[in-house]
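Full structure from sequences and hints, please.
In order, the protein sequence lines correspond to chains A and B. Anchor point for the first sequence: position 368 equals 368 in this note's numbering, and the numbering is continuous, going up by one each time. Every number in this note's numbering is 410 more than the matching position in the second sequence, counting from 1.
Source of the hints: derived by calculation from the structure; they are not laboratory data. Treat the hints with care, as some may be off.
Derived CB-CB ranges, DEER-like [what the hints assert, rightly or not]: (1) B/Leu-718 / A/Asn-34: 50 to 56 Å; (2) A/Met-301 / B/Arg-422: 22 to 28 Å; (3) A/Glu-23 / B/Asp-414: 21 to 27 Å; (4) B/Gly-669 / A/Gly-391: 37 to 43 Å; (5) B/Arg-508 / A/Val-404: 44 to 50 Å; (6) A/Arg-317 / B/Asp-414: 49 to 55 Å; (7) B/Ala-512 / A/Glu-23: 47 to 53 Å.
Under the rule of at most 35 Å between Cα atoms (straight-line distance), these lysine-lysine pairs were calculated in the DSBU-like manner [as the list claims (entries may be wrong)]: (8) A/Lys-86 / B/Lys-539; (9) A/Lys-2 / B/Lys-613; (10) A/Lys-2 / B/Lys-785; (11) B/Lys-620 / A/Lys-210; (12) B/Lys-620 / A/Lys-129; (13) B/Lys-539 / A/Lys-11; (14) B/Lys-613 / A/Lys-210; (15) A/Lys-11 / B/Lys-496; (16) B/Lys-620 / A/Lys-244; (17) A/Lys-298 / B/Lys-496; (18) A/Lys-86 / B/Lys-412; (19) B/Lys-620 / A/Lys-203; (20) A/Lys-86 / B/Lys-620; (21) B/Lys-496 / A/Lys-203; (22) A/Lys-129 / B/Lys-412; (23) A/Lys-2 / B/Lys-496; (24) A/Lys-401 / B/Lys-708; (25) A/Lys-210 / B/Lys-654; (26) A/Lys-203 / B/Lys-613; (27) A/Lys-129 / B/Lys-613; (28) B/Lys-654 / B/Lys-708; (29) B/Lys-654 / A/Lys-86.
Negatives, chain A to chain B, calculated, CB over 12 Å [to be verified]: (30) Lys-2; (31) Gly-48; (32) Asp-171; (33) Leu-199; (34) Glu-218; (35) Thr-398; (36) Phe-399; (37) Lys-401; (38) Arg-410.
Just so it is clear, CB atoms sit at the ideal spot from N, CA and C, and this is done for glycine as well.
2 protein chains.
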Amino acid sequence: MKSDIDALMAKRNLDAIIIVADEIYNPPLDYMMNDGHITTGLMIKRHGAQPVLYVSSMETEEAARSGYEVRIYNDPGLIALVQEHKDISRGHAAWWGRILAACGLEGGRIGLYGAGDFSFILGRVALLKELCPQYEFVGETVLTGTLFDEAFATKGPDEIERLRSVAQRTDLVMQQTWDWLTSHHAEGGLLVGEDGHTLTIGKVKRFVRKALLDVDLEDTAMIFAQGRDAGFPHSRGEDNDALKLGQAIVFDLFPRELGGGYFHDMTRTWSLGYATPEVQAAYDEVMTAFDIAIEMIKPGMPANQPQLAVLDYFESRGHQTLRTHPGTQQGYVHSLGHGIGLNIHEAPGMSHLSTATLAGGNAITVEPGLYYPEKGFGVRIEDSCIIESDGQVTPLTTFRKDLVVPIESR
Amino acid sequence: MKSDIDALMAKRNLDAIIIVADEIYNPPLDYMMNDGHITTGLMIKRHGAQPVLYVSSMETEEAARSGYEVRIYNDPGLIALVQEHKDISRGHAAWWGRILAACGLEGGRIGLYGAGDFSFILGRVALLKELCPQYEFVGETVLTGTLFDEAFATKGPDEIERLRSVAQRTDLVMQQTWDWLTSHHAEGGLLVGEDGHTLTIGKVKRFVRKALLDVDLEDTAMIFAQGRDAGFPHSRGEDNDALKLGQAIVFDLFPRELGGGYFHDMTRTWSLGYATPEVQAAYDEVMTAFDIAIEMIKPGMPANQPQLAVLDYFESRGHQTLRTHPGTQQGYVHSLGHGIGLNIHEAPGMSHLSTATLAGGNAITVEPGLYYPEKGFGVRIEDSCIIESDGQVTPLTTFRKDLVVPIESR
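What follows is the structure, given as structure tokens:
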């Protein structure tokens, strides 16, 4: 939680953290900015102190909504240093040193966070090492275990409220999509609308994107993949493909608050008109795996336990898994789930190799699946949920789990 | 251009480059991936050789569309190294070393590119230094001067085609927005629609976002800021504010191809119904500055020259500028423009401190403005254009530059 930041800094022996804004969406920055917003600049937070923002003079208004002190980054001091060093990059690096000193830091260990261009940050740190040797600038080596990963993993009440709102709105768009599909009729194994046109995946995606905007959400790359494409977990689906009856469609929708913010993540597998026995059988097994996982999840449990149980189940049904066949592309080919929040994938990871522990306040996905691209199908069912401190698992996703979408013939 | 990559690597003495995919949109990766797509993994390119992709087994299909060789990242070798090191992060770092060796690199200087979590890449490089000391992993220190910045700056014919298409579609949405505004009528100084509701900035933005989706573009954070808000170049505008007659509205629209890709960038300043003399006068000066810049831009010219001419002009008219008053928040408070492509801001930068040189194939914005938040207005006019090798400057933006949007009273 946000209130843990100072403790998490102390644990890492950090005198300060810098969050660098580099024009792209930046979860640590968004997490800390309250209602403020900046596209470039720095947030500097000393241990035990409030953050200070250094922003372009163009962004002082948007920055001030954060409630933090706002100072101007591109001030005459920066210009003077660029001229003194006869180099823009060296001038900026030297300016970071001046800024840290102005924040009362004469030296120390500084954690660098944020998101952006890798080459830029590596180059900047190399210059800082040369020009400001009184500071040690560090990243973190633990995958999904950085200071912010740790803070993100436990959601506060306001975050859960936002996650719940995004979930409700995503459920609504799922329902609208279902209703829109069923307003079509079957003709020659395809879906045809009132206007006589065949429905394509591209049209469905456009419908969904606009429906999301109507509830102030934005798509971040939904999957709507049919038949063989559904057999590859991350195949997005082909826009020009017509929707076909009796094919498994994996519809993985993971929108976020418009402009960046909290995600929801859910998947339904739909088969239009009817399902083949093969797909129905796989669906039933995935549903069983889903229930196995949901029923056992508890705070305090090693995060890999539910995945191990699901692996046991799928393997007992004769499927290959990432445990029996690392890198396999058929059977159960991914982990059970992951945390969600300001990142679509965050801690705790729920692979069988995960060393995390589940805790009250985690927001996680549960998403078992079976994939047989050579047989022309894939199936995945995914809900997001909150692990409550009292041991309950509260679903965020509430949309029904029907495989078959009824379609009338004409 | 993409065909320059090997030469740009040689200039930097790089034996190979790695582009790291870290879930977020990644311009260098997109630039190199042709029609392929991955969310995690590595692209490794030795000097003089074709790239090789290491991707999750879930993403082999989407990766293969690139036309490059695809290998599986999460294969048994990775699992073995994670177990050997008893640590996921160290296992991954050691695996990068194995992958580089498998690509025929026994050692050497490796440029790291891509976009993502800063703490992750700094931590990963620290581990690589320890576990794979035969390689030197480097970033670049020159702001907007990295290998990819240099490559991006000169657009090839296929890129110009895409930029032109995005521009045409953006112009279309501008026209639709104009038409939609003029379909409202004035009532008590506000805009009222057929449905009797007052038009707000939030409604305009939703209209624009949906209109963009209809032409396969996505908004990336448009500015539609009115009155005092328009006086701050990066204020986005308040969703709940009603549109008011006779206020300057800065409408800065910079969408990109849906899902990530080439940007367009244009700004119009509109005043609904009528303009105040003060805004009209500022508008006329900004238009003059725009024409001064457009008329002098030529390939081979230092990129700061047009800005110097615009600074001379605005200062001669009595305005403060970033040259006379660094960090000022009134007058002309930003640079003249920037390159556009897969990034909204890329080389060449066109500030008065820029050391770049304009060249044929550059795609740039020209966007002078005047800002007086205390007087309750701001004005900016922005087109994007291509600098042709023969010396011509071809506009990408063609939408009319009218200040006053006619609104009928009822």
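Each hint, compared with the structure:
1. Taking the beta carbon of each, B/Leu-718 and A/Asn-34 are about 39 Å apart, not inside 50 to 56 Å as hinted.
2. Evaluation of the 22 to 28 Å hint for A/Met-301 and B/Arg-422 yields a failure: the beta carbon distance comes to about 49 Å.
3. For the pair A/Glu-23 and B/Asp-414, the supplied restraint of 21 to 27 Å holds, since their beta-carbon distance comes to about 24 Å.
4. Here the CB-CB span from B/Gly-669 to A/Gly-391 is close to 40 Å, well matched to the stated 37 to 43 Å.
5. Between B/Arg-508 and A/Val-404 the CB atoms are about 46 Å apart, so this pair conforms to the stated range of 44 to 50 Å.
6. Under the hint 49 to 55 Å, the C-beta atoms of A/Arg-317 and B/Asp-414, about 53 Å apart, fit the expected range.
7. At roughly 34 Å, the beta carbons of B/Ala-512 and A/Glu-23 sit outside the given window of 47 to 53 Å.
8. About 31 Å separates the Cα atoms of A/Lys-86 and B/Lys-539, which keeps this hinted pair within 35 Å; it holds.
9. Proposed proximity of A/Lys-2 and B/Lys-613 is supported: the alpha carbons are some 33 Å apart, at most 35 Å.
10. For the given pair, A/Lys-2 sits about 39 Å from B/Lys-785 by alpha-carbon distance, which is inconsistent with the 35 Å threshold.
11. Annotation: proposed proximity of B/Lys-620 to A/Lys-210 holds, straight-line Cα distance about 6 Å (limit 35 Å).
12. Pair hint B/Lys-620 plus A/Lys-129 does not hold up; C-alpha atoms about 47 Å apart against a cutoff of 35 Å.
13. The suggested pairing of B/Lys-539 with A/Lys-11 holds, with an alpha-carbon distance near 24 Å, which does not exceed 35 Å.
14. For the proposed pair B/Lys-613 and A/Lys-210, the alpha carbon gap of about 14 Å is at most 35 Å, so the pair holds.
15. About 22 Å separates the Cα atoms of A/Lys-11 and B/Lys-496, which keeps this hinted pair within 35 Å; it holds.
16. A distance of roughly 27 Å separates the Cα atoms of B/Lys-620 and A/Lys-244; the hinted pair therefore holds under the 35 Å criterion.
17. Taking the CA atoms of A/Lys-298 and B/Lys-496, the gap is about 26 Å. The hint holds against a cut of 35 Å.
18. Of the pairs offered as hints, the one joining A/Lys-86 and B/Lys-412 holds, with about 30 Å between alpha carbons and a cut-off of 35 Å not exceeded.
19. With a C-alpha separation of about 14 Å, the suggested pairing of B/Lys-620 with A/Lys-203 holds against the 35 Å cut-off.
20. Pair hint A/Lys-86 plus B/Lys-620 does not hold up; C-alpha atoms about 47 Å apart against a cutoff of 35 Å.
21. For the hint pairing B/Lys-496 with A/Lys-203, the CA-to-CA distance comes to about 48 Å; that exceeds 35 Å, so the pair is violated.
22. The straight-line distance between the Cα atoms of A/Lys-129 and B/Lys-412 is roughly 32 Å, inside the 35 Å bound, and the hint therefore holds.
23. Note on A/Lys-2 and B/Lys-496: the hinted pairing holds, with a Cα-Cα distance of about 30 Å set against a maximum of 35 Å.
24. With a CA separation close to 61 Å, the supplied pair A/Lys-401 and B/Lys-708 exceeds the 35 Å bound.
25. Note on A/Lys-210 and B/Lys-654: the hinted pairing holds, with a Cα-Cα distance of about 27 Å set against a maximum of 35 Å.
26. For the hint pairing A/Lys-203 with B/Lys-613, the CA-to-CA distance comes to about 24 Å; that is within 35 Å, so the pair holds.
27. At most 35 Å may separate the alpha-carbon atoms for a hinted pair to count; A/Lys-129 and B/Lys-613 exceed this at roughly 49 Å.
28. Between B/Lys-654 and B/Lys-708, the direct Cα distance comes to roughly 40 Å. Violation of the 35 Å bound is thereby established for this hinted pair.
29. Simply put, B/Lys-654 and A/Lys-86 have alpha-carbon atoms about 47 Å apart, too far for the 35 Å limit, and the pair is violated.
30. Every Cβ of chain B is farther than 12 Å from the Cβ of A/Lys-2; the closest lies at roughly 17 Å, confirming the non-interface assignment.
31. Annotated as non-interface, A/Gly-48 keeps its C-beta farther than 12 Å from every C-beta of chain B; the closest such distance is 21 Å.
32. With a least CB separation of 20 Å from chain B, A/Asp-171 remains clear of the 12 Å interface cut-off, as annotated.
33. Remark: the non-interface label on A/Leu-199 is consistent with the geometry, its nearest Cβ contact in chain B lying 17 Å away (cut-off 12 Å).
34. Annotated as non-interface, A/Glu-218 brings its C-beta within 12 Å of a C-beta of chain B; the closest such distance is 8 Å.
35. Distance check for A/Thr-398 against chain B: the nearest CB is about 26 Å away, which clears 12 Å, and the non-interface claim stands.
36. Here A/Phe-399 stays apart from chain B, with its beta-carbon at least about 23 Å from theirs, past the 12 Å limit.
37. The non-interface label for A/Lys-401 is consistent with chain B: the shortest C-beta to C-beta separation is roughly 22 Å, beyond 12 Å.
38. Once the 12 Å rule is applied to beta carbons, A/Arg-410 is consistent with being away from chain B; the minimum gap is 28 Å.
Hint check: violations occur at hints 1, 2, 7, 10, 12, 20, 21, 24, 27, 28, 29, 34; the rest are consistent with the structure.
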